[in-house]
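Colleague: As a plain string of letters, each chain reads:
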Amino acid sequence: MYEPFLLLHSWTRWAVLLALIYLLARSALLWRLQKPWTSKDSELLWVFDQIFGYQVLFGFALWLAGSPLVKAAFKEAGLIFDNSLVFFWALRHPLTMLVAFGVFHMGKARAKRSSPEKAARLYFLTLLGVTLLILSAIPWPGLFYGRPLFRWQ
Amino acid sequence: MSFKRNYLRLLAFSESCSLLGLLFIATLLRKFGDHPHIVKTMGAFHGALFLMLVYSLFSYAYESSWPKRRVMLGIVVMSLPFGGFWFDRKYLSHQ
Chain A
1 MYEPFLLLHS WTRWAVLLAL IYLLARSALL WRLQKPWTSK DSELLWVFDQ IFGYQVLFGF
61 ALWLAGSPLV KAAFKEAGLI FDNSLVFFWA LRHPLTMLVA FGVFHMGKAR AKRSSPEKAA
121 RLYFLTLLGV TLLILSAIPW PGLFYGRPLF RWQ
Chain B
154 MSFKRNYLRL LAFSESCSLL GLLFIATLLR KFGDHPHIVK TMGAFHGALF LMLVYSLFSY
214 AYESSWPKRR VMLGIVVMSL PFGGFWFDRK YLSHQ
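If you read the protein sequences in the order shown, they are chains A and B. With the first letter of the first sequence counted as 1, position 122 gets the number 122 in the numbering used here; the numbers rise by one all the way through. With the first letter of the second sequence counted as 1, position 79 gets the number 232 in the numbering used here; the numbers rise by one all the way through.
Okay, chain B solo, but in the shape it has when bound (with noise of 0.2 Å):
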């Protein structure tokens, strides 16, 4: 189970850092910076980490019979920016 912990750590890690690389530096890497598309590229790369994460999440919340209002606090939560670091020292660094 701890490999599964692991992964999911690593992927709520990433998916956070890559929310913050989209709002923090893509945007004003396209204001300022000649970079138009950087944006999309970003917002895919963290859209397609961000379903991942979900998909994982339910996953070991179901094997690990977590709360559902847990669940739902990591989807909302990791949708914020720092949200997933949050989640992880909260409920997933510790178990």
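The following block holds chain A by itself, in its conformation from the complex (with noise of 0.2 Å):
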């Protein structure tokens, strides 16, 4: 279960990434030149939670279920603190993309009340910070705890 799980936990990265760029151009554009958010803005908005949504569900299975190093936080917790590796893996990539999940659902229910006019300006600093956040915390490679950019299995 963990390695189908971990391909297409990379995998899907790829598609929250590209969907994300995608939204966080289409709203810098409509706030810079002052035009609506439109329904079918939102719709796009909507396919993005899902595949963010899915994507943190089999992150949280892995973390949960599979990861030998997060399995090793759970039998010494001190380890943790301890071991960076274990700190990336069991805590800091979870709460990370937990924490980019929060403030996209936050900023979605605030732009959503807001007036089209404005909704443009609040998705794009939403996607913003979501964007950093989430480039914050991939195992880029070449960092001590990174991993390939593409997992064939």
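Keep in mind that a hint or two might mislead.
[Said to hold, decoys possible] Result set (DSBU-like, lysine-lysine): computed pairs, CA atoms no more than 30 Å apart in a straight line:
id	chain 1	residue 1	chain 2	residue 2
1	A	Lys112	B	Lys221
2	A	Lys35	B	Lys184
3	A	Lys71	B	Lys193
4	A	Lys118	B	Lys157
5	A	Lys112	A	Lys40
6	B	Lys157	A	Lys40
Simulated from the structure, these hints should not be mistaken for laboratory data.
With the hints as a guide, bring the two chains together.
Modeller: Rendered as structure tokens:
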């Protein structure tokens, strides 16, 4: 169960990032041109919401049931702060992604309540925050906790 | 809203089929055929679909202001064989 989920979690990352970058650019453009957020944009945001939600759940399943580093942290809690590799996988990565997920939903709820003219600005700021949080917690290759960009097995 | 509902229906249908495939095809193939890894692969596929369905169901239920009991019923029923078909027929097919 662990390997297929890891593969899925690794590839879904690209769908999340692509959708996020598109929506970030779209909201920046609408804000700059002083144009309202349309229902079509909301549909695209819904697509991103779904992919991001799936990614968080896949990650949660890996964290809870599979990851050997997290298992080690569950066995010996002190390892989280003694070993930086365990700290990243057991705490920093999941916590940052959960915060990003929370920021996205709070920003979305606020933007929904605002007028369509103000919504683009709110969506842009929210998505910018989400992008920065996600980028800061992805295990980029080259870092000591890095993982390959494209996982094949 | 209808494309969201149709997407949820598609997901419920796929998840139900994957559960039936896991229970009635994969387990038989493992027992009687030479496919030791099929349950593991099908299990992961079904697990991923179930998680996707749970998220999409919560998201749709929140937007449609569904009662909490219906959401909980959906989660329980969809983890049972044929439950997804029943839930789709009762709550999703005619709204």
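Colleague: Hints first: check each against the structure and report whether it holds.
Modeller: Against the structure, the hints come out as follows:
1. Distance check on the hinted pair: Lys112 (chain A) and Lys221 (chain B) sit about 22 Å apart at the alpha-carbon level, within 30 Å; holds.
2. Distance hint between Lys35 (chain A) and Lys184 (chain B) is unfulfilled; the C-alpha atoms sit about 61 Å from each other, more than 30 Å.
3. This hinted pair checks out: Lys71 (chain A) and Lys193 (chain B) have alpha carbons roughly 21 Å apart, not beyond 30 Å.
4. For the given pair, Lys118 (chain A) sits about 25 Å from Lys157 (chain B) by alpha-carbon distance, which is consistent with the 30 Å threshold.
5. Restraint check for Lys112 (chain A) and Lys40 (chain A): satisfied, since their Cα atoms lie roughly 14 Å apart, inside the 30 Å limit.
6. With a C-alpha separation of about 13 Å, the suggested pair Lys157 (chain B) and Lys40 (chain A) falls inside the 30 Å cut-off, and the hint holds.
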